[in-house]
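Novice: Here is how the chains run, residue by residue.
Number of protein chains: 2
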Amino acid sequence: MRIAIDAMGGDHAPEAPVEGALAAAAEWPDTELILVGKPDAIEPLLAGRKPANVSVAAATEIIGGEDEPVRAVRRKTDSSMVVAGKMVKEGAADAMISAGNTGALMAVGLLVLGRMNGIERPGLAPMLPTLDRVGVLALDLGANMDAKPEHLLQYALMGSMYREKVHGLPKPRVGLLNVGTEPGKGNELTKAAFELLGGAPIHFIGNVESRDVLTRNCDVLVCDGFSGNILLKAMEGVADTVFGVLKKELTSSLKSKLAAAMLRPNFRNIRKLMDSKEHNGAPLLGVNGLIVKSHGSSDAVATKFAIRQTRTAIESGLIPALAGEFGRK
Amino acid sequence: MRIAIDAMGGDHAPEAPVEGALAAAAEWPDTELILVGKPDAIEPLLAGRKPANVSVAAATEIIGGEDEPVRAVRRKTDSSMVVAGKMVKEGAADAMISAGNTGALMAVGLLVLGRMNGIERPGLAPMLPTLDRVGVLALDLGANMDAKPEHLLQYALMGSMYREKVHGLPKPRVGLLNVGTEPGKGNELTKAAFELLGGAPIHFIGNVESRDVLTRNCDVLVCDGFSGNILLKAMEGVADTVFGVLKKELTSSLKSKLAAAMLRPNFRNIRKLMDSKEHNGAPLLGVNGLIVKSHGSSDAVATKFAIRQTRTAIESGLIPALAGEFGRK
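So the sequences go chain by chain: A and B. Last residue of the first sequence? That's 329 in my numbering, and every number before it is there in order. Last residue of the second sequence? That's 329 in my numbering, and every number before it is there in order.
Don't read these hints as lab results, they were simulated from the structure. Take these hints with a grain of salt, some might be off.
To be verified - Here are the computed lysine to aspartate or glutamate pairs in the EDC-like style, where the Cα-Cα straight-line distance is at most 16 angstroms:
1) K76(A) to E66(A)
2) K148(B) to D146(A)
3) K185(A) to E315(B)
4) K191(A) to D146(B)
Predicted model only: the values in this text are computed from it and were never measured.
All chains, please: the whole structure from these sequences, using the hints.
Specialist: Pasting the structure below:
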């Protein structure tokens with residue numbers, strides 16, 4: 001099994017991708033990890049400790065966070081992200097992982113790998129954190145800003161198959177993100193999607209409200225890219241703010257510091273709640289090959305989790321299964 | 001000044017509206033509070049302590065949470081909500097407040113009071129909580145599920161005027177809820193709205209991400225009713241969950257209980273963060289008269305805050321000012 005890793009993408013590149021790959025290489029000797037990027041940036045980090053299953057593939061350019069996605073992918077043909085995408089296309093790698101520019105990574109999916117037959121719009125599918133730490137697969141979270149009901153149906157089918165094959169979850173419960181739980185609620189998009197999902201060969205449980213995501217009342221959350229992004233960032237924003245205030249209050253006096261020290265294990269449990277590191281690695285579903293988005297702020301541990309997720313997806317035969325399902329249509 | 005209060009709406013009716021009205025009547029002797037609903041439910045609660053500025057207006061029916069909004073407003077013409085709306089229309093009250101069925105209250109706005117000239121879709125405008133407890137006025141939060149760019153422009157103008165007149169805020173900063181801060185981000189709706197807002201006579205500061213709302217980087221947040229609702233409920237959901245887990249952890253052992261007792265004032269500060277009681281009272285902007293939505297779970301204190309907000313809006317001359325602004329177009 002070979003996984004191409006964009007060594008130049010993300011806030012902590014190239015250190016985080018390299019260290020993550022080394023950790024993964026040690027844990028899974030059957031997996032070949034190919035670090036794609038500038039050799040003079042990567043090789044020094046590997047000096048004296050490069051295992052047999054880690055290699056470097058040269059790419060001279062970098063797509064940055066500020067680059068306009070489509071133009072960057074078209075012009076920077078020797079960038080680490082595009083080169084990794086080409087390796088997947090040509091069969092030199094079974095999957096690629098990048099923590100770089102999300103829009104550019106989606107453009108790599110569309111322009112380098114191409115859409116899967118039967119899929120109109122690929123969807124980005126991260127796991128949202130839940131109280132029980134199992135997580136909910138949500139799609140689309142930002143690839144498709146103006147979704148049509150048919151796109152949401154395709155997300156439901158792909159997300160359902162992902163959770164079944166990659167996470168081993170039988171009959172995943174599919175929910176539709178909406179403003180109320182009753183049928184008939186929502187905007188034109190969700191009303192039409194509700195009908196389509198109701199007739200699909202999935203375990204559709206109906207509308208789900210954003211306030212209930214954390215209690216994991218579904219396993220796959222279907223939404224358009226715009227509202228999904230609003231949801232995700234609202235969750236992150238509130239959690240960060242509350243924990244920030246908590247920290248400030250707990251260090252505000254000697255008395256509070258003392259009490260906080262007594263509560264350290266409890267706070268660790270609470271903080272874990274919104275720690276999505278182990279969920280890192282969002283597949284871009286609906287393109288001809290496996291592309292996994294690692295969080296931009298990923299450290300080595302988070303990178304290793306993304307590699308673990310990618311390994312499982314390759315082993316499960318996800319992409320051939322999706323191609324078989326949608327290619328027939 | 002006369003305010004009609006739907007005494008039968010909300011989770012704690014009629015007690016909360018009645019007690020809230022009594023508290024407000026004591027604080028503001030210049031304000032006449034008219035409790036609308038079933039006299040045999042309201043009068044016993046007032047027995048022996050009805051001040052001169054509190055009265056009861058009879059209405060025999062109730063619109064419940066499960067009622068289909070438009071049908072309920074059309075058929076239940078003697079419901080407390082519809083009767084209160086008619087009082088505003090006929091000038092018997094300067095405003096109405098209800099904690100009942102939100103959809104039905106919006107239907108009262110449209111069917112009983114009617115749209116304001118120049119406004120295509122009224123918008124519901126609650127205050128979202130912020131870290132500094134000042135709050136952000138957000139609209140629309142659920143009245144208009146399929147907004148057009150022009151609707152968002154009207155929300156921006158109305159919200160800006162509301163904050164200026166009712167909250168005394170000069171040059172309120174208007175932000176557009178979006179998936180990124182750069183111009184050009186978003187879906188078709190927000191891209192077009194961005195252009196319109198940029199040319200409007202308001203202090204438009206550009207796109208705002210949902211994660212930044214709590215830090216109050218704008219004073220008026222413009223959004224369509226669907227994504228606004230997703231945002232609001234996500235914020236509530238995460239806050240409730242985090243505080244729920246905090247409570248559980250802090251009562252999990254004798255040691256944690258002891259430490260938690262030492263931290264009580266700190267936790268009170270944190271809890272206040274998301275306590276939106278003092279922001280209670282969301283105006284339905286764009287109808288011919290002042291309709292204020294009180295939160296469904298409002299107690300007497302929250303009800304009194306909604307009354308305070310309504311008083312200020314009446315005193316500020318908001319409705320004539322809005323009518324003057326939009327009627328000309």
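Novice: Which of the listed hints are broken here?
Specialist: 3
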